[in-house]
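Visitor: Since chain A is already given, all that's left is putting chain B on it; use the hints.
For the record, the sequence lines run as chains A and B. Just so you know, the first sequence maps onto residues 1323 to 1915 in this note's numbering. Just so you know, the second sequence maps onto residues 32 to 194 in this note's numbering.
These are computed hints drawn from the structure, not numbers from a lab. Some hints here could point you the wrong way.
[What the hints assert, rightly or not] DMTMM-like, lysine to aspartate or glutamate: derived pairs with alpha carbons at most 20 Å apart:
hint	chain 1	residue 1	chain 2	residue 2
1	B	Lys74	A	Asp1610
2	A	Lys1882	A	Glu1912
3	B	Lys191	A	Asp1610
[Claimed, not checked] For each label pair, taking beta carbons as the anchor points, the in silico distance ranges come out as:
hint	chain 1	residue 1	chain 2	residue 2	range
4	A	Asp1386	B	Glu133	15 to 23 Å
5	B	Asp80	A	Asp1386	38 to 46 Å
6	B	Gln130	A	Gly1601	32 to 40 Å
7	B	Asp80	A	Val1421	47 to 55 Å
8	B	Asp80	A	Pro1392	38 to 46 Å
9	B	Lys81	A	Ala1438	29 to 37 Å
10	A	Ile1435	B	Gln130	30 to 38 Å
11	B	Lys81	A	Leu1412	30 to 38 Å
12	A	Glu1560	B	Trp169	45 to 53 Å
13	A	Pro1510	B	Asp80	21 to 29 Å
Backbone N, C-alpha and C fix where the C-beta goes; we use that ideal spot for every residue, glycine too.
Here's the letter readout for the chains.
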Amino acid sequence: MQDPSVHRVAERLEQDAAPIQPHFVNGTETESESASAQLRELQKLLFDTEQKQQLEQLRTEWNDPEQITPRVSQVLPDAISLHSPEDHQLTEAMTPYVVESIKLSARRNPEHISDAIFPILGPAIRKAIAQAFSNLTVTINQTLQHSFSARGFKWRMEALASGKSFAEVVLYHSLVFRVEQVLLIHRPSGIVLLHAVADAVKAQDPELVSGMLTAIQDFIQDSFGTGDSGTSGFVSDELTIQTEPGPRAFLACVIRGVPPLELKEEMQETIERIHQERGEKLKAFNGDSAPFEVCRPLLEEHLQSRYQPFADPAQSKAPKAAIVGVGLLLLALSIWVFFSLRDRLRWNAFLDRVQAAPGLVVTAENRGWRRYSLSGLRDPLALDPTELIREFKLDPTKLDAHWKAYQAPELAEARAKKLLNPPTGVALTVRDGILSATGSASQQWILESKKLAPFIPGISQFQWNDADEVTQLQQEIESLSVHYVVNESNPMPGQDEVIELLLKRLARLDELAQQSNGIVTVRIIGHTDSSGTKENNQALSQGRATHSKAQLEARARLLKKTRFVTEGVTDQQVVGGSSEANRRVTFKIEMGS
Amino acid sequence: MLQKKICMLGSFAVGKTSLVARFVRSIYSEKYHTTVGVKIDKKQVQVEDKLVNLILWDLYGEDEFQKVHMSYLRGASGYLLVIDGTRRETLDKALVLQQRTEEAVGKLPFVVVMNKVDLKDSWEIDDRTIEELVSKGWPVFHGSAKTGLGVEEAFATLAKHML
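With the rest of the complex left out, here is chain A (with noise of 0.2 Å):
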């Protein structure tokens, strides 16, 4: 069957073939000549039937599937690579269904996507991890860089008052600038297409901060007549929202810090790029905002951050001074501790000394910065604490005391014996309220002291106590022995010295006696050696006796309370040694009353 439209153009062509031939007449003969094989060779194309039939084979071969196909998969794959790769209407195309296309394969099959991206899997997660060990070590670097410095000790400060960690303060003012948070927005209804948010950031809601900032956007444009490019941006004393906008949709970023001149520059080559590529999904846009969601690592390649070049520890003049003057403050501080805690020794020591000590009651004591303060009562004769605290090696112009002077009862010996003064020999005890005296004293200072004793604070009664020197007096005397001639009652010569000596004793002896209102018997013995009858040596140990005794009565009246009885013994009491150590007279002291 002949195409329709073909018949029309025959038909218009033999009416138009009429009006043409008039022209011939008044041309030229070649021109009339070209005009007519021009004509034959449409009629040709027209009306030939072999033409006519390849035309009706190419409609049909072009309006079946199966036969056009294979003739246009032989020219596709040419097409696609002569066209123009900087034109992306292609790509847009094709995006829906490669990206479906990778759904399903990894629906059906996962092993084929698994196998296909597994060579870049692990330089990706590498590089991911690589990514986040430098960060972490930046973050380290600069906690360390300032962990000493007086700026750190302040940014410590801030960081205890803000609640935040030291690192994200020293990160805060480390920070160059940092493009936290990028938003595309669509130009006339303020909603946002696409955010991106840079890692560990919060952002508040996205649909409401693009709707306000369109809001404000236009309420500048209004206010001010800013044109309909709006506004770049804003600042605020911590961040900057720079805006770069195009026909259909604009974009924001918000920086942390002093953004860098080029950050313009790069947002508007991707505000053009979207427009260029999403141009007329931004023209329908009704609501829905994932067609964009293909231009997010464009969004994305703008949250970069820069940090103040950290400075290497080892060449840095800063943080070496910030450690020796660390160093140093810790060595001082070291120091003080230490003769603090000495000096807090030493003044314990010096005060259990003190409040042990007699005489010294202390009501209130305390260590300062620089001095040392004492109060309390001290009797005088108490230690004086000025010259004990030298002892302790504590520095006595230090001291404060305050002394209030009393008469300490346990101090009532050291005041008698001030007092009494007594003499060498004499030794001193108190014993409640007894003063007791014991040794060797002269009648004289024993009567002086009794009077004294009881006007001495603490001491109400003297006590001469002679028991020791009667005891020693009685040994001393009970050890001499006078010796005698042979047969004889008289001494050998050379006695005296001995007799004398007794007496000096015995004087003594008699004086305690009176003292004590006692009563001395000196019993004197006389001996024999073993030669003789036991008759004539009983008869001659007596006579030795009372010889004696004839003799030291004659040479001891002044004795008032001692007398002295004989007594003769016989050989029964021979002592070893020699015939002439056993002719002699001893003595036996008996106290009485």
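Guide: What follows is chain B alone, placed relative to chain A:
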């Protein structure tokens, strides 16, 4: 998810903000009304099987509709016209607002909320007037900031008209 910008219009003190306060997600305070003249909130509604995010531009209600407000209408897909039932003049203003809005951004889906239905006894707008609005094809809802009545329905209806 679809996102649609809608505006809330109405005279001063008709109760626009209070009416939707408990139904929307908001991060901005009302001070934006007196500074920028608008506060942005968000409301999610479901229309059949689709979730729609309504980005709600709560325009500061001034009795004189100024130019600054007109730019806030740009890009809107619909609007709520809020009227205070106890004040007749808010209806008159709403009619002017509707006309001006249409002139500025063209015909857009909208719904009318007659607010303060809990004070119905004090209303200055009678039922006949409301019926006249309905007869013009305007979807009219009775709303109450106190009870929350009518708000969800108004949003759902508007969203349905916009899709």
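Visitor: The structure should be examined with respect to each hint, and the outcome stated for every one.
Guide: Evaluation of the provided hints:
This hinted pair checks out: B/Lys74 and A/Asp1610 have alpha carbons roughly 16 Å apart, not beyond 20 Å. A hinted pair counts as satisfied when its Cα atoms are at most 20 Å apart, and A/Lys1882 with A/Glu1912 qualifies at roughly 15 Å. Between B/Lys191 and A/Asp1610 the CA atoms are separated by roughly 16 Å; this keeps the pair inside 20 Å, and the hint holds. Taking 15 to 23 Å as the suggested C-beta distance range, the pair A/Asp1386 and B/Glu133 does not conform, at roughly 53 Å.
The given range of 38 to 46 Å is respected by B/Asp80 and A/Asp1386, whose C-beta atoms sit roughly 40 Å from each other. A C-beta distance of roughly 34 Å is found between B/Gln130 and A/Gly1601, which places it inside the suggested range of 32 to 40 Å. Separated by about 22 Å at the C-beta atoms, B/Asp80 and A/Val1421 break the suggested range of 47 to 55 Å. Against the hinted window of 38 to 46 Å, the Cβ-Cβ separation of B/Asp80 and A/Pro1392 comes to about 42 Å, which satisfies the hint.
Restraint check, B/Lys81 to A/Ala1438: a C-beta distance of roughly 35 Å satisfies the suggested window 29 to 37 Å. For the hinted restraint 30 to 38 Å between A/Ile1435 and B/Gln130, the CB-CB distance of approximately 58 Å leaves it violated. Taken as a hint, the range 30 to 38 Å holds for the pair B/Lys81 and A/Leu1412, whose Cβ atoms sit roughly 31 Å apart. At about 48 Å, the beta-carbon gap between A/Glu1560 and B/Trp169 stays in the expected band of 45 to 53 Å.
The beta-carbon spacing between A/Pro1510 and B/Asp80, approximately 28 Å, falls within the hinted interval of 21 to 29 Å.
Hint compliance for this structure: hints 4, 7 and 10 are broken, all remaining hints hold.
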